[in-house]
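The primary structure of each chain is shown beneath.
Protein chains: 4
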Amino acid sequence: MDKLSNGFMEEVVKACRPYTAQGEVIDHIPGLDQSHATDLGVTIITKEGDVYSAGEDDCNFSLQSISKVIILLMALEDFGKEVVFQKVDMEPTDDFFNSISNLENYEGHRPYNPFINSGAIATASLVNGSTVEERFQRILSFLQTITGDDEKVKLNEEVYRSEIKNGARNRSLAYFMESTGVLSNREAEEALDLYYRVNSIDVNSLALAKLGFFLANHGKISATGSQLIQSRHVRTVKAIMLTSGMYNESGTYAVDVGFPLKSGVSGSIVGAVPGRMGIGIIGPSINKKGNSVAGGQVLRMLSEKLRLNIFHDSTIV
Amino acid sequence: MDKLSNGFMEEVVKACRPYTAQGEVIDHIPGLDQSHATDLGVTIITKEGDVYSAGEDDCNFSLQSISKVIILLMALEDFGKEVVFQKVDMEPTDDFFNSISNLENYEGHRPYNPFINSGAIATASLVNGSTVEERFQRILSFLQTITGDDEKVKLNEEVYRSEIKNGARNRSLAYFMESTGVLSNREAEEALDLYYRVNSIDVNSLALAKLGFFLANHGKISATGSQLIQSRHVRTVKAIMLTSGMYNESGTYAVDVGFPLKSGVSGSIVGAVPGRMGIGIIGPSINKKGNSVAGGQVLRMLSEKLRLNIFHDSTIV
Amino acid sequence: MDKLSNGFMEEVVKACRPYTAQGEVIDHIPGLDQSHATDLGVTIITKEGDVYSAGEDDCNFSLQSISKVIILLMALEDFGKEVVFQKVDMEPTDDFFNSISNLENYEGHRPYNPFINSGAIATASLVNGSTVEERFQRILSFLQTITGDDEKVKLNEEVYRSEIKNGARNRSLAYFMESTGVLSNREAEEALDLYYRVNSIDVNSLALAKLGFFLANHGKISATGSQLIQSRHVRTVKAIMLTSGMYNESGTYAVDVGFPLKSGVSGSIVGAVPGRMGIGIIGPSINKKGNSVAGGQVLRMLSEKLRLNIFHDSTIV
Amino acid sequence: MDKLSNGFMEEVVKACRPYTAQGEVIDHIPGLDQSHATDLGVTIITKEGDVYSAGEDDCNFSLQSISKVIILLMALEDFGKEVVFQKVDMEPTDDFFNSISNLENYEGHRPYNPFINSGAIATASLVNGSTVEERFQRILSFLQTITGDDEKVKLNEEVYRSEIKNGARNRSLAYFMESTGVLSNREAEEALDLYYRVNSIDVNSLALAKLGFFLANHGKISATGSQLIQSRHVRTVKAIMLTSGMYNESGTYAVDVGFPLKSGVSGSIVGAVPGRMGIGIIGPSINKKGNSVAGGQVLRMLSEKLRLNIFHDSTIV
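Chains as they are written, first to last, in my numbering: chain A, 1 to 317; chain B, 1 to 317; chain C, 1 to 317; chain D, 1 to 317.
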């Protein structure tokens, strides 16, 4: 087992950066373009409070699908497990994250889980606040508290405008859910807007590592000891991250990496090793499944060399 | 946190037995009928070597889908991870365990994972042995070694004949895989026969707990110290059990119970808490998804009261 | 072979009216309710110019899906076969008329044909006119010319408002097509509005019979000799009516009735026997597939007794 | 409108032969290979009893999917419409001819229609005869009577062996239908064997034209005046040919050609213009949907120039 250090982190980034060549940067999100094709940044925060970092850890990219983790945490805290999972199921699916077929075919027309687009939109209808703006500010404030950063962690207006403009598929999902009674017309419109906004919050690998550590630490802010989200809700979120966090490679990552993860098409990944550490990765070159190629490789190395796989604890006898 | 004891086990069984009324015993498998509707047996083996048991722990039922765990362990040991997962993927699916649509629609026509029927048949084509009989004897011997029982753990001939007679759906799956080149004609026929046989091995809750403990113990037999299956293969199997072990309730069990499980339509479940314990359950009343209703309730209680959820380790700070 | 007369028509309606008990009137469309459950009206116009009628032939109901025939005629006349069938295919489908799965899974994401909802919305984007209002007035005027009725054949404002209010599923279809590039954002919005409006035009069985006769007469108005739509376009529309005009019973009606038909969920049906006659039926009690039960029975009787099945011409030898 | 003559036929074949370059000959059926890539043979038989022919009208190829027409005729005559369509529906489908997904998903698990593989196998279980051999001889004799040819029209043993050897997909379909109760185990085995055999009967374009004429002539043999199949059953078969006879291009052919057709992957097509003529085509270069490219072009020309489209009778007024 290797020892964690900045030097070790540099080695990992060096070994994994060549994998960026196997993916492609998506170009329809403002801020993402070919100039970032070889970017790879990794940050780790341990239970001892140490921070290790390497690569382009200062790049800011929008949350994209990692928003789904934040929205689910907030919905669980606001409405509880019973209510949330009446609106959205918690089963993994083999359909794509933006699929609409399953909404048509699945019993009760519930989205399969909160980590596909339809599920995130449905979950976004369960955040308290009298207006979309108020709900968004609660979420932004929550994320700023977790990351301790209210400067870089903020709404990227350009990305938000782009989300609205290119949001036809998500609008289609929202109205489909209206047609089957999962959402009212007002809920559909507002949940969609909230979802676009949270997708558009800027983060870097440090912010993601802090989010990962918050999950690893069962919902408690270490500095203040404040339990922001009940630990049983955080446990629920981590379980769903393991079964459904990496799009249609979730099963492969459960085997190869073995701890809760959630990725976004901006090439970012948040990882939470329960009780041990949080990991934030940014690597914009993604594969066809939507996951950062080099970022995935970093996770495989970290899991192997630091023995992070939760299915392989210390041997019993 | 409760303390494990036979008394505690009795309480759990008493509290959960009423849930048997919510399921139904399937009646097309020899040995299973309404006379077993209220049966519920649970056995636990801990890393200290203690055995705790309650309820109808001496009932013998055929392995059914838990065969998939054994076949996968053997295939991984015989051919390695690369070869196995070229034939079958390791992604969870939202389709039913006996679904054939996904074989038609999924790229490469690979089964989604080794724990749906098509996947188990494909995996069964990767067990060494010059004849089906030889392969079966290797698997039976392996299971007898793990359970330390070569008396009760044996082929149930009546169940085997029933598997063949009622095996049209599985034959359809096998020939479909022949049609897409996943299996040759000979492989299809032989894998099908091996699969029927392993499904027909009789076990009780003690045998299942021993299997669970073998997985929890990373593939090593405690008594002899013999590493029967490489630990990285056992880790792989446990990860797939978590994402896909409980049919279309796998995601729900990942959240509610939080450790690797595999169920069968005979109402049996094997559980493995990595590094801590193995659990065997038999409760033939199953719900529409194919899982033991009372058995599931036992797992929820054990996870909660003994703190077995792997997403909720001891708090860090 | 029976002889057509008003007495014959009365007999047919009398024999078929009991079938109204096998269906149900949908209650979310203004003007339709249980008070119409036993309604059945039939009108026939022959090539000799004779009109035969029986039952509740004076009821006014909105066009609903029969709008799809009008929109397709107009799009073909405005843009030609090539352009129209680049946007929408002409193949029958086994999916429901409001299905969205096929838009996701079918190559090119084209709707299967112009007679499912997505296909009608796509077709509605191909009607000339600088505004939705102008396009609608062209269509309304066209239908008024065909039916010779500009009093009863007009927009039902109440139905139109209901279409908008309950239009979430159609909105979902339209935005899905925007997301795959079948429609631009402006096209999606405008086509949806035009579709809602044409669905909301009121007609009775005489108006439907006139539409049917217009199709049977290859697009020519008998009274004036004016060829409103080129005959090859009318031929195309009739072929699609035969393969796809009766929702998921189209194949059954091709066998049992054997000439081009199109039905709507208001229980109305238009029929065109090429070169011979037009048929208009209103019978609001519909089955689960969306077709008028008694209306279907009327068509079976007419086809049999008047020898209208186009697959059974006079015997050759 | 052109006049039918051998010269006219030569022109049609000359104009259409270049389209053979747009398709490919499938190479897994004995007798079919690249040497036939530019073959194109057409034969027409009119109600006056005249025979017109051009191109490679003397090539012998196996029936392949045109078998489905023969099997359905025989099943309807043996068991009647009610019984046949309890086992198989008569609705067009958008799935491929060898699809198995629809068997899993469609209510009642009936095949959609008798012209997809599963439907043909189900229909083949409804042919009278105490053994498969007896059933096959009845069908062969029937086809020999229709074509007046018991020399060339016979079982191709090599093709039959190939059908068995490469029949995994069809076996999969048959066993799936056993698993859902559509067929018993014995029916599945025997229907499969009968289906393989009828697929393997050799025909040429003259034989196909005679079959087409038999259908156009409503089931009566002109020479003897013998009504081999009741006319209402022939009408049923022609209707299904129009909605489902040309694989997933059936809708396109209904529009472009407009009369009942059935194609096979050997590149053969049978056409029936009700009351007027039978058409037989052989053109082994097929497109991805399974239809002869040049053969399709021949049908478009014939329909246009001889006015054969049943949706475009002589104008009324």
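Don't take each hint at face value.
To be verified - With a Cα cut of at most 25 Å, we get these calculated DSS-like pairs of lysine-lysine:
| hint | chain 1 | residue 1 | chain 2 | residue 2 |
| --- | --- | --- | --- | --- |
| 1 | A | K81 | B | K81 |
| 2 | A | K288 | B | K305 |
| 3 | C | K81 | D | K220 |
| 4 | D | K47 | C | K288 |
Said to hold, decoys possible - To give an idea of the interface, some chain B residues facing chain A are shown, with a C-beta separation under 8 Å as derived from the structure:
| hint | residue |
| --- | --- |
| 5 | M90 |
| 6 | T93 |
| 7 | D94 |
| 8 | G148 |
| 9 | S231 |
| 10 | T236 |
| 11 | A239 |
| 12 | G258 |
| 13 | N287 |
Please keep in mind that the hints were generated in silico from the structure rather than gathered at the bench.
In this text, all values refer to a predicted model and were calculated from it rather than measured experimentally.
C-beta: ideal position from N, C-alpha, C; glycine also.
Exercise. Which hint numbers doesn't this structure obey?
Worked result: 1, 2, 3, 4, 8 and 13
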